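**Student:** One letter stands for each residue in the lines below.
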Amino acid sequence: MSYVVEMLNIRKEFPGIVANDNVTLTLKKGEIHALLGENGAGKSTLMGVLFGMYQPERGIVKVNGKEVKITNPNVANRLGIGMVHQHFKLVENFTVTENIILGSEPLRGMVLDIDKAAKRIEELSKHYGLNVDPHAKIEDISVGMQQRVEILKMLYREADVLILDEPTAVLTPAEIDELMKIMRNLIKEGKSIIIITHKLKEIKAVADRCTVIRRGKGIGTVNVAEASEASLAEMMVGRQVSFKVNKKESTPAEVVLKIDSLSVKNNRKVMGLKDFSLEVREGEIVGIAGVEGNGQTELVEAITGLRKAESGSILLYGDEIINLPIRQRNEKGISHIPEDRQKRGLVLDYSLVSNMVLQIYNKKPFSRNGLLNVPAMKAYAQNILTNFDVRSGEGAASIARTLSGGNQQKAIIGRELELDPKLLIAVQPTRGLDVGSIEYIHKRIIEHRDKGNAVLLISLELDEVLQLSDRIAVVNNGELVGIVNAAETDENEVGLMMAGVSKERSI
Amino acid sequence: MRNTIVSLISIILGLVAGGILMLFIGSNPIEGYSYLLQGALKNLERIGNTLATATPLVFTGLSVAFAFRTGLFNIGASGQMLAGGLAATAVALTFDLSGPVNLLAMVLAGLVAGALWAFIPGLLKAKFNVHEVVSTIMMNWIAYWTIYYIVPGYFKGEFLETESKKLAESDTLRTPFLTEMFDGSYINLGLFLAVIAVIIIAFIIDKTTLGFELKAVGFNRFAAEYAGMKVNRNIILSMLISGALAGVGGVALYTGNASSIQIGILPSQGYDGIAVALLGANHPVGVFFAAVLFGILYSGTGFMNAMTEIPPELANTIIAIIIYFAATSVMIERLLNKFKAKKSNKEDKRGPVVEKGDS
Amino acid sequence: MWSIIEQIFPYAIIFTIPLLITALGGLFSERSGIVNIALEGLMVIGAFSGALSIHYLSGVLDNHTLVLWLGLLAAVLAGVLFSVLHAFASINLNANQIISGTAINLIATALTVFLARNITGSGNIRISSGFSPWDVPFLSDIPVIGDLFFTKTYPTTWLVLIILFASSFILYKTKFGLRLRSCGEFPQAAEAAGINVRRIRYSGVLISGAFAGLGGALIIVTQSGEFTGTVAGLGFLALASLIFGQWKPLGVLAATLFFGFASTIANVSQVIPELAVIPPILLKIFPYVVTLIALVIFSKSSQAPKAVGETFDSGKR
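Protein chains in written order, with my numbering: chain E, 1 to 507; chain C, 1001 to 1359; chain P, 2001 to 2317.
What the hints contain is simulated information worked out from the structure, not anything from laboratory work. Keep in mind the model is a prediction, meaning the values are calculated, not measured. Any given hint could be a false lead.
[To be verified] Examples of chain P residues lying across from chain C (beta carbon under 7 Å, computed):
#, residue
1, Ser2100
2, Thr2102
3, Leu2106
4, Ile2285
[Unchecked claim] Covered stretches of chain C (in silico footprint by chain P; criterion: 3 or more residues with CB under 8 Å from a CB of chain P, positions within the stretch not fixed):
#, region
5, 1121-1130
6, 1134-1141
7, 1145-1158
Even for Gly, the Cβ is constructed at its ideal location relative to N, Cα and C.
Assemble the whole structure, with the sequences as input and the hints as a guide.
**Tutor:** Laid out in structure tokens, this is it:
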């Protein structure tokens, strides 16, 4: 059996951290090899080494049996290694063709030979069943198609080894199936694939072998057919993981949030959310399931006040809040764990003390008559940091920028829960966190529900939505497809709804 | 602390560069600098003049620094100075007030005029996201031409068409007791106003909820918005305060240091304010000392030029080089910070500092 | 009406051309992702170097036209060298580009007057004469258009127009142009494609230095004939033209023509009876007010390069 890529005993360090500690990964020709690990385990770093973004301190890389030094992405490309990034590297207002040829432009004399390139792209697209229009502008095409453009980029450069970094994060269940078909096509044509993921189901569905990394160390490589999701999870986390979230039955009481025929425009000036209606009661968690970009952002921003709604109403305990400024909505008892913790959630250059009172600095006891009461702010912040196990270099005085992503997220969640809101809106609350933190945060959210509060959960991880929610509302293309009880549904049903197939129609 | 070190190093490097320039044109740097210092500090009168020269710079430095804290680049301090100076002069020449009431009215007029001149760029930024660098520069030139035509039109000087009518001594910020104390220098009440401004601004930035909000908006307007702060209102407010400071700086310059406004000149103190703010690390006290340093540099070059062949523009050159070093070293500093940040993550995560959703 | 236009057309062009070439320089810099508000200072450097070289070479060489072109070359080189300061600060040191640009402006204005004063005592450098206007053979005989466009033109005008069209071609049709634009829109994508973002951005800034230097020198050889230590805000006006022109070469041409005419009208208004009725202050502030209005109008649909002004963290995901 010939190995197309061998990464042997790789050690990669960053200042103060060992990202990869003696990791070995081998890729056989024609196989789909999964690289599994928690957030922050070191998967992207390892692939960064393979793709030439980083140089290892120790270890060797072999391609087709020959030892190589991959010093930059160009070298990797020449060796036939291509990477499809998790965050697409596509220039929005260029066309598909311009994006694909960037860096290896065909010329006719002094001029770019766009026509020649477009033709080749069209051929490749047909050959691999990718269905991409070479003249479309990136900003006009769907996320799924954008990903296929990224794949085409690699095929255009005649890559034999394709690295896919968390490819399914942005796809609908239907698009995920399509991607798997495309992957099998690629294998048939003689390519080999490494897929970086933390999704056990997908590994079981499509991978041949799986290498597990935990906290920078290689744990081992297994044949996927012989492993179970549970055993893979145990290798990934280091202990037995229960996937079930412990929660009592919910006992919903009064209606806290009532959304009625809400319509909201998105950034493209088109309706991102259409005629949406929903109720959330005290003591229940309502989860919004859907693929990214189907109206969730517009919904959350309309409720919290970050975006103006076009029509409809939003009632909090019966009071219309749709025209209230954000601060007043906060004061009425709404808290928001934002989707983007670095953009919205924190002022990175402020200390944790200042960040923890970001919404309430103007209230007693933190200020009086416009003057700040710093000792009170400090005590309050320290309390949150202790309660939520937020680790930082200098305690409450640390500048938020110096915390790791996971700790930043915990600080934000701590701040929002400490406000004890009647309505908690949690968007992607566990994004980028390790399993231990995820479990902890799920526990706290359920606790908050059990105290008789309402929780609106928006998450792109279907599992999280299924486990935490009492009821699930599914959005597709800005519309409410249907609402189901979590206990009475499953992934398949919700998956269909996410793709737009409403309950009544599915037979 | 580190900022102070960076600033000090920049100053030293700038002075060294100045020394090299002096050598380049065949003069003796030690002689040159010694005449410079003498020119600025040799006797009470000179010290007074140095402080007076520094006074408008304190105001423009505060103006730029304050705006900077809110994430705004106020390049329009020159125009705001002109607006403030014109307003104060107009009040003095038009109304028949006297004594402290007169001076108060003048300062107030300058304050309001400066604020108004900065209001337009602030509004354009808040409502339309028009970059304030270009809009404030446009306002500078509008102010320039406004002065160019309004002064000869309504406030024409008695002897020269290119300046405004000279103010009576009692209409200026100069007072007999100060002038005597400093042996005839043109030091004036502007200095006291400057010190008061430093104290007030420092207080606002560090101790008040207003300062808390303005800084938050400056660091991250999205998080500020998320937390319920009114970003647009803060941007406009910040520009108003910034403009007001520069406006009073204009009052200090045109009715304190001088007694009339020259047309056809865009006061360089406006752009120098950027240097002062940078060197003072955007802190009010730092701004004060940076302004005094610049005052020394400007004040002393006259004497230096008289005693040697070194052109007075040397001061400008040294200042410019100091800023260049200050601008670049601040970034080296930031790189050092990032380094430190990665280290502190050792305890809780093994991996490079991850961003959202990274695996 | 037509005669007014005929009269002021050549003056408008003279005003426009230095503005145009400088704005084009700004275009290359910003399209690569670097904000360059140092255009003002770079123009001053160009004016200084140009005037100085012409001043000295006049005494050495007999062919005055050659002297003028060499002076322009010196200005271009000086502009390139000086812009390295901005490039180094912005690209290698990740300095705040606005501050770095402001520092360059201050250094340029201070340094040039300092040196000039040392050389001539007054701080001004006069040149004996600039380019003489020239009639394009053949084309200048065409009625109406010939008179307007092809008589009494400066050779440098044609040079700048050639550069304009070349720039348009380079930006949209060549490999370099594609890569340049990608660095301004999404440098991480360019980097992932194996492009050396730093090198491209250096090119952008150096080109802006060359063009702005040329622009400054053009003012000397076609307008004022004398270096006075300042370009009266023309560099900033070029920046405004760039925004006004939405970062496209032809847009910039339109914007700079507008400013050229507006400025000229303001300057000659006292002499032309129909215009003398308008208070001069309004005419003088007209270009600036219009710029503000244009900035507002274009704010919603701004076509600014998406990553312009942001520091580029290599390897950031």
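**Student:** Does each hint fit the structure? Answer for all of them.
**Tutor:** Taking the hints in turn, this is what the structure says about them:
{"no.": "1", "hint": "Ser2100", "in the structure": "holds (5 Å)"}
{"no.": "2", "hint": "Thr2102", "in the structure": "holds (6 Å)"}
{"no.": "3", "hint": "Leu2106", "in the structure": "holds (4 Å)"}
{"no.": "4", "hint": "Ile2285", "in the structure": "holds (5 Å)"}
{"no.": "5", "hint": "1121-1130", "in the structure": "holds (count 4)"}
{"no.": "6", "hint": "1134-1141", "in the structure": "holds (count 7)"}
{"no.": "7", "hint": "1145-1158", "in the structure": "holds (count 5)"}
Against the hints set out earlier in the document, no violation occurs for any number.
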